[in-house]
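J.: Got chain G; can you put chains R and B on it based on the hints?
The listed protein sequences correspond, in order, to chains G, R and B.
Each residue of the first sequence is one higher than the one before, counting from -12 in my numbering.
Each residue of the second sequence is one higher than the one before, counting from 14 in my numbering.
Each residue of the third sequence is one higher than the one before, counting from 143 in my numbering.
It is worth saying that the hints were derived from the structure and are not from the lab.
This one's a predicted model, so the numbers in the text were calculated from it and none came from an experiment.
Treat the hints with care, as some may be off.
Claimed, not checked - Now the stretches of chain R that chain G is said to cover, found in silico as 3 or more residues with beta-carbon under 8 Å:
(1) 60 to 71
(2) 89 to 100
What the hints assert, rightly or not - In silico DSS-like cross-links for lysine-lysine, where the CA-CA straight-line distance does not exceed 27 Å:
(3) B:Lys503 with B:Lys518
(4) R:Lys105 with G:Lys224
(5) G:Lys30 with G:Lys224
(6) B:Lys503 with B:Lys426
(7) B:Lys515 with B:Lys503
(8) B:Lys365 with G:Lys14
Cβ atoms here follow ideal geometry from the backbone N, Cα and C, with glycine treated the same way.
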Amino acid sequence: MNLSEQHREHKISIRGLSDREFFYGHKACPGCGGSLALRLALKVLGERSYAVVPAGCMSAVGFIFPQMAFSCNAIISTFPGTASMLSGIAAGARALGIEDFHAVGFAGDGGTADIGLQALSGAIDRHDKIIYICYDNEAYMNTGVQKSGLTPSGARTTTSPAGKRLRGAITRKKPMFEIVAAHGIDYAATASVGYPLDYLRKLEHARTVDGTSYIHVFAPCPVGWGYETAETIVVAKKAVDCGLWYLAEYAEGRFVLNHNPGEFASIRDYLFGQNRFRHLQDEDVSDIEIQRDAKWARIRREWSD
Amino acid sequence: MTCPVRNRSFIPPVELGDYPVGTAFPAGHLVDTNAAWRSLRPVIDATACSNCLICWLLCPDGVIQRHDRGALQIDYDYCKGCGICARECRQKAISMENEGNYGT
Amino acid sequence: MERETKAFLSGNEAVARAVRLARPHVIAAYPITPQTTVIERLAEMVEEESLKSEYLHVESEHSALSACIGASAVGARTFTATSSQGLLYMAECLHYASGGRFPIVMMNANRSVALPWNIYGDQRDSLSLLDCGWIQAYAEDAQESLDLVLQAYAIAEHSEVLTPMMINLDGFVITHTYELVNVPGQNEIDLFLPPFRTTNKMDFDCPMSLAFTAGPAYNQAFKQLQHLAMLKASRVIGEVEERFGRLVGRNYPGLIETLYCGDAEYIIVTLGSVAGTIRPVIEKLRSGGERVGLVRIRYMRPFPDAEIRRALAGAKAVGVLEKDISFGFEGTVFTNVSSALMRSQVVPPRLLNFVGGLGGKDISAADIELIFKRLKNSEPGETVEFI
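One chain only, chain G, in its complex shape (with noise of 0.2 Å):
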């Protein structure tokens, strides 16, 4: 079955999501977007999961004793043990006999890119049935906004101030998606929060995999980022409607884009909406969206529609 056909079969409705909650009472920022990815991963999968979330915000927010935010199984890993610590449960119920259940990972993009980007290639190696999802908020948010390896070209954080000589982090945002489809994952998708559907049939895609699944959910932070709490959704959105976050999917060898835009929406709306991209002058704008053009191309030329 090709994606597009799998596409078909996991089609989602609204109605149909599961009424239980099982990321409830957290004390994650308002309006954050790291929990509703969260909280709509556990809607598909189910209480059948174990969560695997990482030393960072999700950890930080959910289990502080004695008020547990989770009400499926859950457990804190060490921050670069997400990965490794899931194929452990996995391989510790598959030798206990216990069926029918999802190990599951929560991890930031510093968790994830930076910390626990050797053990997630371990996983993916192995082919462990494990369900690892990267909330992407662009920064270390837990510790107070640091630079991590996902924070874009540009984007001011507390490590990567905007002054005279350097304005934001002058590195370009790790192509995890991709390092990640180099190993020959058995499935792999991006997705966003501002594209809720399109990430509820990629929750439901993996959890039918038998092996490994990766999905990297773009989630705005207001705090770190500086927009009001109310628009996460709306930026979000907009991140993928100006070409600087991509909807994908990965294969039996094979990318899928989901979302091609015909046109960008405006990279400018995007960036001057937020606090961390303020400063950035004309140059930096058109610097951002040459890099922005050359991945397009090189995405809508090599992966299918």
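T.: Below, chains R and B without anything else, positioned relative to chain G:
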């Protein structure tokens, strides 16, 4: 049960024997609320609501509850007032009202 | 292998045999010299299906222990092995495993720590991690290594202990030296070691939140409980050894082993394989009328402080011989022994610290004789001496 257990009667451990063994504690155990975080309160106008469930879907806290019959309800104990529901509502059926008006 | 057999095994191979007998659900393995032959033998056993474990080829020692923690968190019995740099790379997970009370069993091949690079044995790796909350045992030979692994599961998984355990084997001297080893039968071990049962796990019948955060109001209580569990392990170790003796037929003396301490005036306190070098020297010296003895520390945590006070009560001078140094002070074993003796009701013996064997430097019988000579002639106040 659609939400975790709310255990308002939680008695904090005093003796060492009152503590769990290891770092393991019952899941979905809520002893306090998040209501005090909120300065604006989302209020749903049931007559304008089309029951499209977008707000229910997109609430990061999952505090909007749907029912087989009747309008959507908001769990104000855990709503933080982020305003995503009002912002995303296509029918403009949710207004963000000053929490001070509700005396909580 | 239903019945006990004799086999010519290295320390590492003896450990692998013990692991097979313990039937772990999950083994996570990352290679490092001189631990490698353990995980090689285990891989072969899994391949030939004489061992039915999930064998994870992980990408680092950090991942090895992290995977074991995950497996233990669903109620699985686990094993991993490491050494030196690998143990240090695990350090975060060592604290994590003990704090979460996951009774993981791990073998550590004691090896020098870089720099300078060196693959040979000393004990600076494990002793520098004495405070990570693991039970730490030190074997003298392959037989004891095998038996300690089996006992480790019974100790670590005991409901009053629930604390991970590290079995230390001197690199090469034990890990790679072949001896005739008695390998218990599976029937005996199945009786000795029932399947692991715990409530400290994620469970679909009763969902749990594990490895949570505990703020200032609660955090210390969890640490205090960890300390109490470790103290209880002292008693449990004795009970487990007694049961092991009854079911398997080999007896062990608890946290320390003593030799001639009843009448000895000069005693060496040490740990690990060097005890094998000391024993014949003691026999020789005693046959010449010298009242010398040995305390071999088998467990560094829980620390045998009362046992050490008792064993050393009648000595005139005691030399602590260790393959370790805490730079700028003294050997860690010496610090622990000194601390135990300070709480003595009687005047403690003179204490000297001999540091040797670093990076695999040989400790010979002549060195041991020299140590006894130094004990006889020592002056108070002399402490660390490199041999």
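J.: If a hint holds in the structure, say so; if it does not, say that too.
T.: The hints, checked one at a time:
Under the rule that three or more residues need a Cβ within less than 8 Å of chain G, the assignment of the region 60 to 71 of chain R holds, with 6 such residues. Counting residues of the region 89 to 100 of chain R whose beta carbon lies closer than 8 Å to any beta carbon of chain G gives 8, which meets the minimum of three for the stated coverage. This hinted pair checks out: B:Lys503 and B:Lys518 have alpha carbons roughly 25 Å apart, not beyond 27 Å. The straight-line distance between the Cα atoms of R:Lys105 and G:Lys224 is roughly 19 Å, inside the 27 Å bound, and the hint therefore holds.
Proximity of G:Lys30 to G:Lys224 is assessed by CA-CA distance (about 21 Å); at most 27 Å being required, the pair is judged to hold. With a C-alpha separation of about 24 Å, the suggested pairing of B:Lys503 with B:Lys426 holds against the 27 Å cut-off. A C-alpha spacing of about 21 Å is found between B:Lys515 and B:Lys503, which places the hinted pair at or below 27 Å, so the restraint holds. The straight-line distance between the Cα atoms of B:Lys365 and G:Lys14 is roughly 25 Å, inside the 27 Å bound, and the hint therefore holds.
The structure agrees with every numbered hint stated previously.
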